[in-house]
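Here the protein sequences line up with chains A and B, keeping their order.
If you use my numbering, the first sequence closes out at 87, no skipped numbers anywhere.
If you use my numbering, the second sequence closes out at 1514, no skipped numbers anywhere.
What the hints contain is simulated information worked out from the structure, not anything from laboratory work.
There may be inaccurate statements among the hints.
[Unchecked claim] Reference listing, derived: stretches of chain B covered by chain A, where coverage requires no fewer than 3 residues with Cβ under 8 angstroms from a Cβ of chain A:
no., stretch
1, 1281-1290
2, 1504-1513
[To be verified] Pairs of lysine-lysine residues, derived as DSS-like cross-links and limited to a Cα-Cα distance of at most 30 angstroms, are as follows:
no., chain 1, residue 1, chain 2, residue 2
3, A, K40, B, K1470
4, B, K1218, A, K8
5, B, K1264, A, K84
6, B, K1464, B, K1114
7, A, K84, B, K1500
8, B, K1493, A, K84
9, A, K84, B, K1041
10, B, K1218, A, K45
11, B, K1028, A, K45
12, B, K1514, B, K1028
13, A, K84, B, K1379
14, A, K8, B, K1200
15, B, K1102, B, K1464
16, B, K1372, A, K45
17, B, K1508, A, K84
18, A, K8, B, K1509
19, A, K8, B, K1500
20, B, K1114, A, K40
21, A, K84, B, K1514
22, B, K1028, A, K8
23, A, K40, B, K1218
24, B, K1368, B, K1464
25, B, K1373, B, K1114
26, B, K1464, A, K8
27, A, K40, B, K1228
28, A, K84, B, K1200
29, B, K1264, A, K8
30, B, K1114, B, K1500
[Claimed, not checked] One side only, chain A facing chain B, incomplete, derived with CB under 7 angstroms:
no., residue
31, N15
32, S17
33, I61
Note that the coordinates shown come from a computational prediction; the quantities given were computed from them, not determined experimentally.
The C-beta atom is built at its ideal place from N, Cα and C for all residues, glycine as well.
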Amino acid sequence: MNSIKNNKYIRVKRNVSHLFSLLVILIYFSFIFLIGFYPKLLAIKIADSSMTYGVAFGLSIIIFSILLTLIYTVISNRYIDGIKKIK
Amino acid sequence: MESNFVASIIFFLFVFVTLVITYFASKKTNTKENYYAAGEKISGFQNGLAIAGDYMSAASFLGISGLVFLSGFDGLIYSIGFLVGWPIILFLVAEKLKNLGKFTFADVTTIRLKQSKIRILSSISTLITVLFYLIAQMVGAGSLIQILFELPYNFAIWIVGILMIIYVSFGGMIATTWVQIIKAFLLIFGATVLSFLVLKEFSFSLTNLLDAAVVAHKSGIDILKPGKLVADPVSAISLGIALILGTAGLPHILMRFFTVPDAKSARLSAFYATSFIGYFYLLTFIIGFGAIAYLSTNPNYLNTEGVLIGSNNMAAIHLSHAVGGNVFLGFISAVAFATILAVVSGLTLAGASAVGRDLYVYVLNNGKADEKKELFVSKISSVIIGIVAIFLGITFEGQNVAFMVGLAFAIAASTNFPVLFLSINWNNLTTNGAFYGGMIGLLITVSLVILGPTIWVDIFKFEKAIFPYKYPALFSVTLSFLAIFIISKLDFKSKSNIDKENFMKMMKKAYLGK
């Protein structure tokens, strides 16, 4: 296992991948959790409009997911790939 | 009818272009690399579009906007679920898959294990997943075309079936990729125009749209909160698990990652796919609520019982007529038809590859087979799968087959994903653990669905379901991981230092490509 632990690229890549995955899983399952246990919270309106916190949360998850994949791709392309060459 | 004319023109154009592409592709499909993986020449961007085209079925477009039309927020729950698997694929699966495999995802699951058993498991679960998914697509296609073009149901099934057989048996992955790319472009374009026309009427204010929808819908303000789709916490979590993990276990999706030249392109593919798919689901939200606002109280689109003509799945179609007239209705109808072709082609190719590659080469021929013979088997399999799909599509006419897509996702989440995930990440996985554990996962999933309300009560007409939940994933995925884990641990004598070394080699290859 040593050569894997010592390999900086693998370490960084692995940590970043796991971190980002955890973020998505946390946000998504918070949403699911609210739907399952506290659906009334999601029905609360924002200000005076028809927009509810539930709808806003839901739409935000979609946008958040796209943004996360963008950030991950840019970080991987610009920084993490470069570590591969460092011995 | 003017819309039929427009729809037919666009549809024939689509078929013509794709058949020309298939003709040119057929000259190249005499090598494994070209037939299964399009010569690994697809770019990250192209593959991202193709993946989106492969993934966004008529169920996404019509089904989700139809669900939003019916109960608002519940449709949003589904679309979010269909999307969140994609970031996970980007972060955990895409690059490693490309680095470790070549033609089918079983290349990756068998990388440290004995080929024969695991290939049997992968091909069985692939074929079952593909079959259920195909039936749902075919039945959807038949009824859609019947309503849109007033053509006989069986005729529609035959058209879809024959076209998909031609694309896959002659053109392989090259043709399939381009069918999916063209469809993705048409679908995203059409949905964008539709959403634009809807929002325009509400001064591009989402809250105005929601206000109008709440007024128009019979449930009023209730459409903006979770409804009856997920009635309890267990169902909510179960559905969530099935969607987020199932996406990463769908064979026709995983196969797409082998068509690019390297891991970086695989990464780009997953990124572009996520963006296109996410953007599309934002649009289905607007389309669904637009449908509520425009159609709920408009007698032009309701039948005598006040229900939407054709079924709720027609919501997006009727909306396109309401905001864009006959011409736009024609365009959207043609796009809906093309959408089905792209998905069924991908599914058929995944099934054919499982037979030709996993079963014929590895199980029957110990890993070595003549390329010509292998490709012959794959191509014949695609024809047979196509014929079976046609036959089943005709047989299941009128049945409510929506649950089959859910079942396919559940199997993908409970069998394909655990074995794939553990083979990349767990050094103590053994062949027996993966094989028997995976099989147990498969059997449990199918059993729980049969014993659950969708089949036991709704189809078999028993009074009460033995397994009380519509969505089995929470149980089947957990039990599958447990079974694989326990059997692998009990099987410890088949592990050795050589396996540990192999695990390290595999990790290096997964991350670095060599």
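Checked hints:
| no. | hint | in the structure |
| --- | --- | --- |
| 1 | 1281-1290 | holds (count 3) |
| 2 | 1504-1513 | holds (count 5) |
| 3 | A:K40 / B:K1470 | holds, 22 angstroms |
| 4 | B:K1218 / A:K8 | violated, 59 angstroms |
| 5 | B:K1264 / A:K84 | holds, 13 angstroms |
| 6 | B:K1464 / B:K1114 | violated, 43 angstroms |
| 7 | A:K84 / B:K1500 | holds, 23 angstroms |
| 8 | B:K1493 / A:K84 | violated, 36 angstroms |
| 9 | A:K84 / B:K1041 | holds, 24 angstroms |
| 10 | B:K1218 / A:K45 | holds, 19 angstroms |
| 11 | B:K1028 / A:K45 | violated, 58 angstroms |
| 12 | B:K1514 / B:K1028 | holds, 28 angstroms |
| 13 | A:K84 / B:K1379 | violated, 40 angstroms |
| 14 | A:K8 / B:K1200 | violated, 52 angstroms |
| 15 | B:K1102 / B:K1464 | violated, 47 angstroms |
| 16 | B:K1372 / A:K45 | violated, 64 angstroms |
| 17 | B:K1508 / A:K84 | holds, 12 angstroms |
| 18 | A:K8 / B:K1509 | holds, 15 angstroms |
| 19 | A:K8 / B:K1500 | holds, 20 angstroms |
| 20 | B:K1114 / A:K40 | violated, 51 angstroms |
| 21 | A:K84 / B:K1514 | holds, 12 angstroms |
| 22 | B:K1028 / A:K8 | violated, 41 angstroms |
| 23 | A:K40 / B:K1218 | holds, 19 angstroms |
| 24 | B:K1368 / B:K1464 | violated, 51 angstroms |
| 25 | B:K1373 / B:K1114 | holds, 23 angstroms |
| 26 | B:K1464 / A:K8 | violated, 57 angstroms |
| 27 | A:K40 / B:K1228 | holds, 13 angstroms |
| 28 | A:K84 / B:K1200 | violated, 49 angstroms |
| 29 | B:K1264 / A:K8 | holds, 18 angstroms |
| 30 | B:K1114 / B:K1500 | holds, 15 angstroms |
| 31 | N15 | violated, 11 angstroms |
| 32 | S17 | holds, 4 angstroms |
| 33 | I61 | holds, 5 angstroms |
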